[in-house]
Each structure stands twice: as C-alpha cells, then as structure tokens.
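Engineer: Please build the complete structure, drawing on both the sequences and the hints.
In terms of this note's numbering, the sequence shown opens at residue 25 and continues consecutively.
By construction, these hints were calculated from the structure, which means they are not laboratory data.
Errors might be hidden in some of the hints.
[As the list claims (entries may be wrong)] 25 Å max Cα-Cα, derived DSS-like pairs, lysine-lysine:
| # | residue 1 | residue 2 |
| --- | --- | --- |
| 1 | Lys-166 | Lys-199 |
| 2 | Lys-172 | Lys-221 |
| 3 | Lys-172 | Lys-155 |
| 4 | Lys-122 | Lys-166 |
| 5 | Lys-90 | Lys-67 |
| 6 | Lys-185 | Lys-172 |
| 7 | Lys-185 | Lys-221 |
| 8 | Lys-135 | Lys-155 |
| 9 | Lys-185 | Lys-166 |
| 10 | Lys-172 | Lys-82 |
| 11 | Lys-185 | Lys-199 |
[Stated by the list, open to error] Estimated spans, in silico, between C-beta atoms of each pair:
| # | residue 1 | residue 2 | range |
| --- | --- | --- | --- |
| 12 | Ser-68 | Lys-42 | 21 to 29 Å |
| 13 | Arg-220 | Lys-82 | 57 to 65 Å |
| 14 | Phe-104 | Ser-70 | 25 to 33 Å |
| 15 | Ser-183 | Pro-123 | 35 to 43 Å |
| 16 | Pro-201 | Ser-68 | 28 to 36 Å |
| 17 | Ser-84 | Asp-167 | 56 to 64 Å |
| 18 | Lys-82 | Gly-184 | 48 to 56 Å |
| 19 | Ser-190 | Asp-167 | 18 to 26 Å |
| 20 | Ala-240 | Phe-104 | 45 to 53 Å |
| 21 | Gly-184 | Asp-87 | 21 to 29 Å |
| 22 | Tyr-228 | Pro-93 | 44 to 52 Å |
Since the structure is predicted, the reported quantities are computational estimates derived from the model, not experimental observations.
For glycine and all other residues, C-beta sits at the position ideal for the given N, C-alpha and C.
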Amino acid sequence: MNCIIIEDQAPAQRILIKYIKDFGTMTLAGTFSDAIQAMSFLKSNSVDLIFLDIHLPKISGIDFLKSLPHPPAVILTTAFSEYALEGYDLNIVDYLLKPFSFDRFLQAVSKVNTTANSESASKESVSLFVKSGYDYINILIKDILFIKSDLDYTEIHTSGKTEVSSESLSYWEQKLPSEQFTRVHKSYLINISAIRKLTGNQIYLNDDNVIPIGRAYKEEFMSKYVK
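Structural biologist: Right, here's the structure in full:
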C-alpha cells in the first residue's frame with residue numbers, strides 16, 4: 025500500500041514516518057508540507073492512502089480533499105476535534121486526533137482494507153493486524169482458513185498456526201471481505217477458497233479441519249455456493 029503524508033509540522037511528520045515504517049507493509053511515496061506540493065505529485069502518481077493534516081498553509085486539508093475528483097483513502101490528522109464531522113461527510117477512513125499512539129494509528133490504517141478506496145490494491149497482498157494479548161500480529165487475509173468463536177474470544181486459524189483475538193465473530197464477519205468469507209455456523213466463519221469438499225453437514229478444509237454447517241446457515245450456503 026503506497027501512501028503520502030501532507031503535514032506542515034516536522035514533529036508530526038516524524039511520528040507518521042516512524043509509524044509507517046513500524047507498520048511494515050506500507051510504502052511512503054512522499055512527504056509534503058503543503059497541499060499544493062501534493063497536488064503536483066498526484067497529477068503523475070497514484071497512491072492508496074493519504075495522511076492529511078487539516079491546518080495547512082496556502083490551502084486547508086479539507087479544501088484540498090474537496091478538490092480531488094477521485095480521492096484515495098484518507099486519514100485526517102489534526103489537533104482540533106471540531107473538524108471531525110466535516111471530515112466524515114467527505115468519506116474519510118478515520119480521524120486521528122493529535123497526539124495519537126501507535127495503537128490508534130493501527131486501528132485507523134486497518135480500516136483502509138475494508139473500504140472501497142482500497143479496491144485497487146491486490147487482494148492477495150491485503151493484510152490486517154490482529155491484537156493478540158499485548159502484540160499486534162500481521163496476518164494476510166488470504167491465509168486465514170477459518171475463525172472460531174469460543175466464549176469471550178475468537179481463534180483465527182491459518183495454516184499450522186492459531187492466533188487468539190478478543191474481538192467477536194461478528195466483528196470479523198464485518199471486517200473481512202464478504203465475497204471471500206462466509207458464516208456457516210454460530211461459531212464459525214470460513215474462507216470459501218479453503219474448502220476442499222462438502223459432505224452432509226460438514227465442510228472439509230484444505231488443511232483437513234472439519235467445520236460443521238449450522239441448520240440456520242445451510243440453506244443460504246447451499247444456494248449461494250453449491251450449483
């Protein structure tokens with residue numbers, strides 16, 4: 025995911041540059057101190073995400089955003105919370121109120137993967153960060169085989185590995201692309217591409233895990249996927 029920073033304050037630039045580097049799967053294509061410089065860059069370059077300050081010299085971040093006919097994903101950064109509502113009216117991904125932590129930065133960036141603005145990115149390379157205990161684990165979406173709900177947490181199963189998350193199964197159902205993942209049981213969300221065969225009320229995955237199909241989900245599953 026390519027991104028740029030439009031920020032006129034050097035300390036804020038440094039924080040964003042560090043967070044982008046620590047994130048690990050983003051490429052910083054440019055850093056600009058005003059929107060005019062960024063406009064010139066965007067005429068001949070495309071990006072997936074803009075970190076945009078609101079208070080900028082020459083032209084404000086909001087006016088800059090309004091001027092873009094087909095804007096990429098945008099995360100606003102500012103010290104003034106009163107601009108949040110106007111930003112959301114412009115379909116921004118998130119709003120970071122300065123000073124913001126790396127955890128808050130991760131929350132904002134993770135939303136980019138589920139917005140229409142990220143459709144141009146290859147789905148094979150899209151990943152998300154899963155909070156597991158005190159760590160944030162970067163997982164490729166295509167590597168997720170299934171997610172199982174277990175009381176107050178969920179287990180995210182990839183090939184040969186399982187990560188535990190405090191998020192609910194409903195959260196992951198909304199977070200992950202609906203064309204790739206489907207609910208087949210009150211306790212299971214599965215990756216369609218990981219299915220090896222279907223026998224009776226059981227789904228066999230490529231790694232030999234067997235997932236039950238709940239009665240409430242079977243009819244919709246059969247009509248949607250079994251021809």
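Engineer: Next step is simple, just say for each hint if it's right about the structure.
Structural biologist: Tested hints:
About 13 Å separates the Cα atoms of Lys-166 and Lys-199, which keeps this hinted pair within 25 Å; it holds. Distance restraint check for Lys-172 and Lys-221: the Cα-Cα separation of roughly 19 Å lies within the 25 Å cut-off, and the hinted pair is therefore satisfied. Restraint check for Lys-172 and Lys-155: satisfied, since their Cα atoms lie roughly 16 Å apart, inside the 25 Å limit. Pair hint Lys-122 plus Lys-166 does not hold up; C-alpha atoms about 34 Å apart against a cutoff of 25 Å.
With a C-alpha separation of about 15 Å, the suggested pair Lys-90 and Lys-67 falls inside the 25 Å cut-off, and the hint holds. Proposed proximity of Lys-185 and Lys-172 is supported: the alpha carbons are some 13 Å apart, at most 25 Å. A C-alpha spacing of about 22 Å is found between Lys-185 and Lys-221, which places the hinted pair at or below 25 Å, so the restraint holds. Among the hinted pairs, Lys-135 with Lys-155 is consistent with the structure: their alpha-carbon atoms are about 14 Å apart, no more than 25 Å.
Between the alpha carbons of Lys-185 and Lys-166 the distance comes to roughly 14 Å, so the proposed pair stays at or under 25 Å and holds. About 51 Å separates the Cα atoms of Lys-172 and Lys-82, which puts this hinted pair outside 25 Å; it is violated. Simply put, Lys-185 and Lys-199 have alpha-carbon atoms about 20 Å apart, close enough for the 25 Å limit, and the pair holds. Judged by the Cβ atoms, the range 21 to 29 Å given for Ser-68 and Lys-42 holds: they are separated by roughly 27 Å.
One distance hint, 57 to 65 Å for the beta-carbon pair Arg-220 and Lys-82, holds here, with the actual separation near 58 Å. At roughly 29 Å, the beta carbons of Phe-104 and Ser-70 sit within the given window of 25 to 33 Å. The supplied range of 35 to 43 Å is met by Ser-183 and Pro-123, whose beta-carbon atoms lie about 39 Å from each other. Under the hint 28 to 36 Å, the C-beta atoms of Pro-201 and Ser-68, about 31 Å apart, fit the expected range.
A beta carbon spacing of about 41 Å between Ser-84 and Asp-167 contradicts the range 56 to 64 Å that was offered as a hint. Roughly 53 Å separates the CB atoms of Lys-82 and Gly-184, a value that falls within the hinted 48 to 56 Å. Distance hint check: the CB atoms of Ser-190 and Asp-167 are about 20 Å apart, consistent with the given range 18 to 26 Å. The hinted window of 45 to 53 Å between Ala-240 and Phe-104 holds, with their beta carbons roughly 47 Å apart.
Between Gly-184 and Asp-87 the beta carbons are some 51 Å apart, a value that contradicts the proposed interval 21 to 29 Å. For Tyr-228 paired with Pro-93, a C-beta distance near 48 Å keeps the hint of 44 to 52 Å intact.
When the structure is compared with the earlier hints, violations turn up for hints 4, 10, 17 and 21 and for no others.
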